[in-house]
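> Taken in sequence, the protein lines are chains A and B. The opening residue of the first sequence carries number 2 in the working numbering; numbering runs sequentially from there. The opening residue of the second sequence carries number 2 in the working numbering; numbering runs sequentially from there.
There could be a bad hint or two in this list.
Which copy? The list can't say, so a pair holds if one copy fits it or any two copies do.
What the hints assert, rightly or not - 25 Å max Cα-Cα, derived SDA-like pairs, lysine to any residue:
no.	residue 1	residue 2
1	Lys332	Leu355
2	Lys356	Tyr257
3	Lys218	Asp331
4	Lys176	Phe278
5	Lys157	Asp43
6	Lys400	Val202
7	Lys358	Ala303
8	Lys400	Gly101
9	Lys176	Tyr276
10	Lys106	Asn258
11	Lys358	Arg109
For the record, the hints were derived by calculation from the structure and aren't laboratory data. For clarity, every value in this text was computed on a predicted model and none was experimentally measured.
2 protein chains.
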Amino acid sequence: MPDPSSRRTFLAASAAAVSTAAFPWNTAAAEDSAAELISGKDERLIVLKPYPAVIETPLKLLTEHQLTPAELLFVRNNSQPKDAATISASTHRQWAISVGGAVSKTARIALNSLGSLPRTEYEMVLQCSGNGRSLFSFAAQTSGTQWGRGGMGNVKFGGVRLSAVLDHLGVEVRKSVRFVNAGGSDEPLPDKEDFLHSLPVEDVLNRSIIATTLNGKPLAAIHGGPARLITPGVFGTMQVKWLSELIFVAEESTNYNHVPRYRVPNSPIRPGTKYDFTLQNSAYNWDLKVKSVILNPNHGDALKAGENTIQGVAFNDGRVSISSVLLSFDKGQTWTRAELSQPESQYGWIRFSLKKKLSRGTHTIWSRAIDELGRTQPLDGSIAWNPRGYEWNGVEQIKVTVS
Amino acid sequence: MPDPSSRRTFLAASAAAVSTAAFPWNTAAAEDSAAELISGKDERLIVLKPYPAVIETPLKLLTEHQLTPAELLFVRNNSQPKDAATISASTHRQWAISVGGAVSKTARIALNSLGSLPRTEYEMVLQCSGNGRSLFSFAAQTSGTQWGRGGMGNVKFGGVRLSAVLDHLGVEVRKSVRFVNAGGSDEPLPDKEDFLHSLPVEDVLNRSIIATTLNGKPLAAIHGGPARLITPGVFGTMQVKWLSELIFVAEESTNYNHVPRYRVPNSPIRPGTKYDFTLQNSAYNWDLKVKSVILNPNHGDALKAGENTIQGVAFNDGRVSISSVLLSFDKGQTWTRAELSQPESQYGWIRFSLKKKLSRGTHTIWSRAIDELGRTQPLDGSIAWNPRGYEWNGVEQIKVTVS
């Protein structure tokens, strides 16, 4: 067995830059504060890109809350309506969503007509599929904004089940349908195709809601208000914002944002390999992969000798529970089970903590979540390297100094 | 988090019966020794069923050899040619395999004409998909022979790549083909359909060989000689013995032995649930699941206080390496990495060992393999419970007493 520790040490050391606010490769963004760019956002957030806004949350700010407040929640928009730069509600009061394709009749869903239908709330992890992308780059560079680990949050979305809305409208989906093309009313960037994803129809009809609230308040404009298609347990890119159309189809879309973007190869490839993404040789970013993230301490922190508490969160796609989070202080030779919080929701994250006596010197801390199906995080996350750097879920590895 | 230890203890205690030669639920078999049933087999093997032969290997006998000798190798036949009860070579010297279906021309593969083609050898795990089935039964009873853990071995198969044979014969496979129906010349039991499996054509053309040797000797008649279709990395049921026909097809077969037999549900179901298996709602037993098995000591063993060595083997489907095997002596609170042998082959098993000082009393020993993709064994293996008890890969859990 090759000993991964030397490479790991390098990776962990390099990750130092990631968990601080200084992103040398995003100097253009350093000028703007999140609070100036998006009305209502916390000024401590890390701006990776000003427009369309890409903003991540420093990990320690995620420690304090089970539900991530809107002012702390990360932002990742491919394109962004002009009036959306606020965590306040959207001002579009007559919003409607068109329904078409292989259905018994076309229809319009007027948001203000949904009041009579039962509402559903999901506490769930919202995570950009590019979250952690910068960690791949120590195996080989990936394209796209170099996210640290803070492109995630745990929130509560509320709305009405899409299946209930279709029933209410008398719209039946034909048997040939395998996907739903969900599109938003964001304006595409110049020369870019409109943002659209094909979502698997079975999951959508089982789980998806047309969400209109976030943490009990009207859904913030910057996060897709007034209406966002929310499916718990899946990556953020598939939670289409400013939802304006749903087209039921037999075949997956070839929209540029659905392929080659937001896809991972079907089988592992060597880091650095070019890959010509097709619908057949790759998968869209869908189910969240099992993951743990240490929120406190952060990589590079200086701690005091004695008992310290390691805190973090863990989650998966919600199909089964997280069964344990194991921590290692000796690069994987031995692992200790952390305390887990009671799950609040099958789709939300659980918090883990472990009290550990740390002596003076340098310590590495690794964390690894395992779920009931025996799915866990690879020790070397670059086994899942892909050209666009999606779905990072390597074992969390940080280094701290103790004095 | 529910503490699984009480249930686990029960499971481990119940497994005592499994790892000894006494199978109370197979009393009919207790009369025959493996050596009497199958000429050349070791008399220490455990006979689960005399005809067609189902015989497992006591785990300790697997400890001594990297390659499992033919006399120790488990046997599981659904039906069995009358002259096959021997580990000597088959006496059929004019054997041929017919090729048909969606191909450019039908053909016959005469084994004695293959001498000019390059030979390939695979060291690989051979494992019945029912191996470990009895462990499911402590969640809810499963049908089929109640295997302990010894329905597996690590052997070397040699032969000629099927793709090379087809090239040699000038047979081209049509683009519409998705499966190969592989059938053997075993005689079906009364009122049973002939044994046949549909194998995914891509894997078959990439990996499968027509095997004619086992550990360098002519392939034993009881193990499928003179010709067996061998695909490394997959369950034994798909390694069709006494291979006599290969039919290339667009659609998966509905042969009784392919569905509902030898299938697992697509998603976890509650133990005890009935399941109406179809091609759509289930998967055939194909890729081996990541697994570790403690070979020595065995469950129920009495050890001496002081340093003891825990030994076992670990494997997966060969797509990536096993990255670690972790052992726990405190029911999962802490885990220690075992020493691993150098891999001999991507498809073979690796051996693990850990020296551990054990004090007087009762000890539980758990083992868990993890591979580079982050695939591991579920702590509670019954999460994968299925009515026919296939593909058990729960965390290995045994109990020993130390005096």
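> For each hint, tell me whether it holds in the structure or not.
Status of each hint after checking the structure:
1. Taking the shortest Cα distances, Lys332 and Leu355 sit within 25 Å of each other both inside one copy (17 Å) and across copies (18 Å).
2. For the identical chains of this complex, Lys356 and Tyr257 are neighbours neither inside a copy (47 Å) nor across copies (55 Å), given an alpha-carbon limit of 25 Å.
3. In this assembly of identical chains, the alpha carbons of Lys218 and Asp331 never lie at most 25 Å apart, being 45 Å within a copy and 46 Å across copies at closest.
4. Proximity of Lys176 and Phe278 under a CA criterion of 25 Å is satisfied inter-copy only: 21 Å between copies versus 28 Å inside one chain copy.
5. For a Cα distance limit of 25 Å, the shortest separation of Lys157 from Asp43 inside one copy, 19 Å, qualifies, whereas the shortest one across copies, 62 Å, does not.
6. In this assembly of identical chains, the alpha carbons of Lys400 and Val202 never lie at most 25 Å apart, being 43 Å within a copy and 47 Å across copies at closest.
7. With identical chains, the CA atoms of Lys358 and Ala303 are at most 25 Å apart within one copy only, with a shortest distance of 14 Å there and 36 Å across copies.
8. Taking CA atoms no more than 25 Å apart as the test, Lys400 paired with Gly101 passes in neither setting, with 52 Å inside one copy and 61 Å between copies.
9. Proximity of Lys176 and Tyr276 under a CA criterion of 25 Å is satisfied inter-copy only: 23 Å between copies versus 34 Å inside one chain copy.
10. Proximity of Lys106 to Asn258 under the C-alpha cut-off of 25 Å is found in neither arrangement, the shortest distances being 27 Å within a copy and 44 Å between copies.
11. In this assembly of identical chains, the alpha carbons of Lys358 and Arg109 never lie at most 25 Å apart, being 60 Å within a copy and 70 Å across copies at closest.
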